Amino acid sequence: MDLKKSAIIFFLVSILAISFSNHNVLAASGKKCIAQCVPGVYEYFECIHDCITERYDDGRCYPGPNTGKCCCTSK
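Residue numbers (full-length UniProt numbering): 1 to 75.
Honestly, the hints are just simulated from the structure, not real lab data.
Keep in mind that the hints are not guaranteed to be accurate.
What the hints assert, rightly or not - Here are the computed lysine to any residue pairs in the SDA-like style, where the Cα-Cα straight-line distance is at most 25 Å:
(1) K75 <-> A35
(2) K31 <-> K5
(3) K32 <-> T53
(4) K69 <-> T53
(5) K5 <-> S19
(6) K75 <-> D57
(7) K31 <-> I48
(8) K69 <-> Y56
(9) K32 <-> E43
(10) K69 <-> E43
(11) K31 <-> E54
(12) K5 <-> A17
(13) K32 <-> D58
(14) K69 <-> S19
(15) K32 <-> P63
(16) K31 <-> Y62
(17) K69 <-> D50
What the hints assert, rightly or not - Here are the in silico distance ranges between beta carbons for each label pair:
(18) A7 <-> Y44: 56 to 64 Å
(19) V13 <-> Y44: 29 to 37 Å
(20) I52 <-> S14: 20 to 28 Å
(21) F11 <-> I34: 54 to 62 Å
(22) S74 <-> F10: 35 to 43 Å
(23) D57 <-> K5: 40 to 48 Å
(24) Q36 <-> D57: 15 to 23 Å
(25) S74 <-> I9: 31 to 39 Å
These numbers come from a predicted model, not from an experiment.
The C-beta atom is built at its ideal place from N, Cα and C for all residues, glycine as well.
All chains, please: the whole structure from these sequences, using the hints.
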């Protein structure tokens, strides 16, 4: 009976340790550039709309609104 109890405690502690160490594995990192920013055609509004559609938190034209690419980021 003591061996069975020890095995169950070991199993539960293992599950607890795995759940704590694995909590950030699925987080996306960095930024993903999806389009070229073009003044009057594809600007901030279009960029952030497309990023939100792609399930990112934010989007901006890098390095600037007149030149650059629409890059999406997750927080």
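Taking only the CA atoms, is the gap from K5 to A17 under or equal to 25 Å?
It holds: about 18 Å lies between the C-alpha atoms, which stays within 25 Å.
Hey, K32 versus E43, does the alpha-carbon distance stay inside 25 Å?
holds, 16 Å
Between K31 and I48, does the CA-CA distance stay at or below 25 Å?
holds, 13 Å
Pair hint K31 and E54, alpha-carbon separation not exceeding 25 Å
holds, 12 Å
Need the status of pair K69, E43: alpha-carbon distance at most 25 Å?
holds, 10 Å
Is the hinted pair K75 and D57 satisfied, with a Cα-Cα distance of at most 25 Å?
OK: K75 and D57 at ~6 Å, within 25 Å.
Take the C-beta atom of A7 and the C-beta atom of Y44, compute their distance, and say whether it sits inside 56 to 64 Å.
holds, 58 Å
For the pair supplied as a hint, K32 and D58, is the alpha-carbon distance within the 25 Å limit?
Roughly 11 Å separates the two Cα atoms, so the pair holds.
Restraint status (C-alpha distance of K75 to A35 at most 25 Å)
holds, 20 Å
Within 25 Å, alpha carbon to alpha carbon, are K69 and S19?
Given that 25 Å is the threshold and the Cα spacing comes to 38 Å, the pair is violated.
Is 54 to 62 Å a correct range for the gap between the Cβ atoms of F11 and I34?
violated, 45 Å
Does Y62 sit within 25 Å of K31, going by the straight-line distance between their CA atoms?
holds, 11 Å
Hint violations for this structure: numbers 2, 14, 19, 20 and 21, all remaining hints satisfied.
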